[in-house]
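S.K.: Protein chains in written order, with the numbering used here: chain A, 1 to 103; chain B, 1 to 379; chain C, 1 to 600.
Bear in mind the hints are in silico, worked out from the structure with no lab data behind them. Backbone N, C-alpha and C fix where the C-beta goes; we use that ideal spot for every residue, glycine too. Heads up, a few of these hints could be off.
[Claimed, not checked] Which chain C residues face chain B? A few, computed with CB under 8 angstroms, are given here:
id, residue
1, D537
2, E539
3, R543
4, Y544
5, G553
6, P578
7, R582
8, A583
9, P587
10, P589
11, F590
12, R591
13, R594
[As the list claims (entries may be wrong)] Estimated spans, in silico, between C-beta atoms of each pair:
id, chain 1, residue 1, chain 2, residue 2, range
14, B, F235, C, A592, 43 to 53 angstroms
15, C, P373, A, E7, 33 to 43 angstroms
16, C, S585, B, P356, 35 to 45 angstroms
17, B, P237, C, E236, 42 to 52 angstroms
18, B, N352, C, G405, 40 to 50 angstroms
19, B, P356, C, P202, 33 to 43 angstroms
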Amino acid sequence: MDTRLKEHPILDEWGGENLSFWFEGKHLIGHAGDSIAAALIANGIDSFGQTEKGTPRGIFCAIGKCSACMVEVDGVPNVRACLTPLQEGMRVSSQAGKGKPIW
Amino acid sequence: MNDPQVVIIGGGITGTAIAYHLAKLGAKRVTVIEKDYLSSGSTGRCGGGIRQQWSSPYNVRLAMKSVEHFTRFREEMDMDIEYYQGGYLLLSFDEEEATQFEENVRMQREEGLKVEILSSKEVSQKYPYIRTEGLKMATFCKTDGHANPHKATFGYANAGKKLGVAIHTHTNAEQVDVQSGSVKGVHTTRGYFPADIVINAAGPWSKEVGQLAGIDLPTESYRHQIFVTEALDYFFPFMAISFSGNFYMRQAMHGQFIMGKGDADEVPGINRNVTYRFAKEMAIKMVKVFPFLENLRILRHWSGEYNMSPDAQPVIGESPQLKGYYYSVGYSGHGFMIAPAVAEGLAHIIMNGSSPFLDLAPLNTHRFRGKTQREKNVV
Amino acid sequence: MVNPQFFIVGAGPAGLCAGIAAAEQGVSVLIVDEGFMPGGQLPKQTHKFFGHKGFFASVRGFDIAHQLVERAEKAGVEIRLETSVAGIYEDCIALWDRKKDHVWESKPERILIATGASERFIPFENNLLVGIYGAGAVQTLMNQYGVLPGKDFLIVGSGNIGLIVGYQLVQAGARVKAIVDIASKIGGYEVHSRKIERLGIPILLNHTIVKAIGKQKVRGAVIAPVNDQWKPITSESRELFVDSICLAVGLQPSVELAAQSGSAIEYIPALGGYIPVRDPQMRTTIPTVFVAGDISSIEEASTAMMEGFIAGFQVAQDLTGTDMQAKMSNMRDELTALRRGPFSSKVREGLGHFGIHFPSGGYRTETQTETGPFDTMKALIECPQCIPCNPCETSCPTKAIEVGGNLNGIPWVNYEACTGCGICAMICPGLAIFMVQKKGDKAVIGIPYELLPLPEKEDVVFVQDRKGQVLGEATVIRVMKNEKEKTHLVFIEVPIEWADTVRSVQVPEQKKNDYICRCEEVTVEEIERAIDMGYTDYEELRRYLRIGMGPCGGRVCRAQTLQILSSKLEIPIAELEPGTFRAPSIPLPFRAIRRGETDE
């Protein structure tokens, strides 16, 4: 499902070239200029993880203040998807509850 | 009374129209219960015709008042019900009937209706697609018309809801609670609804629903079949109907032809099956009068009920045995076209004690004790 | 170690203006921001700002952001993005560069905390479901990234943010089912609420959201009217089919860093919640720490910019010794002019607690009653409230409009000077100016239009009144396109009786053309809309939309329709009534029937 706007009465265009990234092992396309959250929502994924109690979680404030949108990026947990720009080749996974330690 | 608790049993044109008019007069506690979906009874199965050319002055007046409502419907109810005044052409194939028609026209004109009388020759000149073999004469009233009965029901329901009417579909009435000769409420599959007024608007099930209150209504339901063809470009503006010829047909705005006839062999009861015999009889009869139908195909064939009363006139009023129990049933095949006027009248009677434009008293059950005048203009 | 003289937290309008003010006096300035785009809340604002010409009035938010960043960079300000201030410690400021994952320490001479505010949250049943967003979030997604997170929205809150986001959702192609507000009057500017109402979107006052419906994500919402204790009257509640709920219930200042710096915080509800105590020059109780913008009072971008400038000028004076009194005084006059109006009464009251007084009044409060004549095209202004805004006055080439007193005044048109050029109508940030010409039994109305698709000359459109009720149809006789402003004027000719009521047009809906019923050409959208309207029975849908009433008899479309019903109502198909299957199962010709009877 594609939720990207194709035309707008005021704004001319968004984003740049296509970027490849992975979410939960699935290959997706985002645009340069997207935040990770925007790229996920543009691909129809609006649930990024689960709270500690198992409730699905998406974004709420989209400006980094509420911590609803935490995902794991390239193994690093607790990354705020709304404030982190999408980069080519990122591997994003949903974060269930607390991040897992890596060493 | 100014804010009675009303429970209406039946979600067809009658039930929803009465609910709307009650709410419009200020009743804030009106509930409609419908055992299936809205317009699932006679209303949703009928041909949609709206005719004022009746043989009794009473029916003519009710129909003329209803036409006023249909004309305002889109504006008042905010729903387009495809209402079109294309007229009704009444075709007579019988001498005796032709004489009666002329008398009817005299009476209709006295009531203020504009009706034309056409000779057989005039019919075939004006409407070359009608084969006039055997036709004696015809009458035409151009303010007669047709509309979409489902949308009309939805329209009343939605407008009523905006005024606070509660509508519960898929809800059966199981018993009417009676105490000391008055209604107290209705037991339903959705619980108990207390009521000062209960209205039986149950169409085909008017008798059974009457029994739930211990009331005997002299109504019987008979199956009537009807079918619709595929579409042709729109050209046939009126409803063509014949009592002596036993048929009716109209072309709906979307181009399809809707037609049906009466069947003297039907027995009372609810029967939703359809017979091939009907299709055969219609095919032969209709192609004879309307040759352009020869190449058309029947798309859908269904049946519905005429809830008949002994004199083919509706049974309306408050039960003399049960205070607060009203009925608006027995419409004998012309419920859709006079429902709006009756609904307004009945709502006035319930809320204000009397109706400003019409005396509905002659339609109550006491008339069956004496001699009744049967409405003849029925297919 | 990172040691600018002036460290600014937040690259929004307040921070950028403070940086510009100080850097233009030679101070070394570093602005850090958590996000990866500068401008704070500005880049996602697609509507035109109010205020006055010198302060970006009628410029769209994202353009203001560009201009400020350009000016800041030209003045030598360093802006570091994706950098969060982890804390203001006793010994230093710790800043975390999230891209390099490196923490820097900083000991600047002056600090400005311009961290803005964050969305409030309200409790209601199921309010954690995916699909419930802060209004700002929806704005960020659709305007900044061009992504629409849902299709059918309920907005909670009728302040300016709720009203503006509602309008922007429609511009982006979404549907807003309703805006609810627990208060008994609309919180935001009437020109914003009128834009919404003209589209036919209901604003339900004295209403609240009771619960969100759905398991994994929002599928609907229950709203109810409230009684005079503001408690929902659940017996009158009703369901709306929405897939997104937007909360626009207010902002609260982000004061954490100010508190850490040691500055005093007080609870002042009129200013938005916990507020750092500060003086007229925006200095807190800690002499080296300043605040500006929403953190010091929930207000507008224009006041944030002015306060930013004042803080910046004061810091420049502190650090360079240059006398900045004149510049500060100038800026304070701007703030004063803006804050004279009725919508600033809470801010004036709140600032009174700090002993800072702003006067009120001094502008015209009456609406113009004698308008016209309209025998040639003239402007008609429907701006009924005193809001700080005057681009109509400054843009008129013949000086025919004046707002009377200060910029909070109600604009009046001098009809002898008005030439009907339409510039004011295209400039007005509230879309509150219409062009009117009355000639005999017809009238021509020019409507400001910012939606897609833009009608073209000779198109037939629906015309609506101020409540969005469709009055009828009209032909478009002219379209004045304005590619720069993006506010176009659509001129329609209507009967003279409608001249005073037609205030909106609607292009007949473009069908998405995803059909379910081939015979009757019924689309998915029409079916879904009918279900939303309450036709939840397969038979009712059939009768209302004519699905399955064509020659295929439902063979093609029955299953799909039941599928849509099933998924919308969350009832398995097996539990739905599929309608009757009956003869004839193939269209049967009269001719063949007759032959069966007559031939042998």
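S.K.: A separate judgement is required for each hint: does it hold in the structure or not?
M.R.: Status of the hints after comparison with the structure:
| no. | hint | result |
| --- | --- | --- |
| 1 | D537 | 4 angstroms, holds |
| 2 | E539 | 5 angstroms, holds |
| 3 | R543 | 4 angstroms, holds |
| 4 | Y544 | 6 angstroms, holds |
| 5 | G553 | 6 angstroms, holds |
| 6 | P578 | 13 angstroms, violated |
| 7 | R582 | 6 angstroms, holds |
| 8 | A583 | 6 angstroms, holds |
| 9 | P587 | 4 angstroms, holds |
| 10 | P589 | 5 angstroms, holds |
| 11 | F590 | 4 angstroms, holds |
| 12 | R591 | 5 angstroms, holds |
| 13 | R594 | 5 angstroms, holds |
| 14 | F235/B x A592/C: 43 to 53 angstroms | 24 angstroms, violated |
| 15 | P373/C x E7/A: 33 to 43 angstroms | 40 angstroms, holds |
| 16 | S585/C x P356/B: 35 to 45 angstroms | 51 angstroms, violated |
| 17 | P237/B x E236/C: 42 to 52 angstroms | 46 angstroms, holds |
| 18 | N352/B x G405/C: 40 to 50 angstroms | 57 angstroms, violated |
| 19 | P356/B x P202/C: 33 to 43 angstroms | 35 angstroms, holds |
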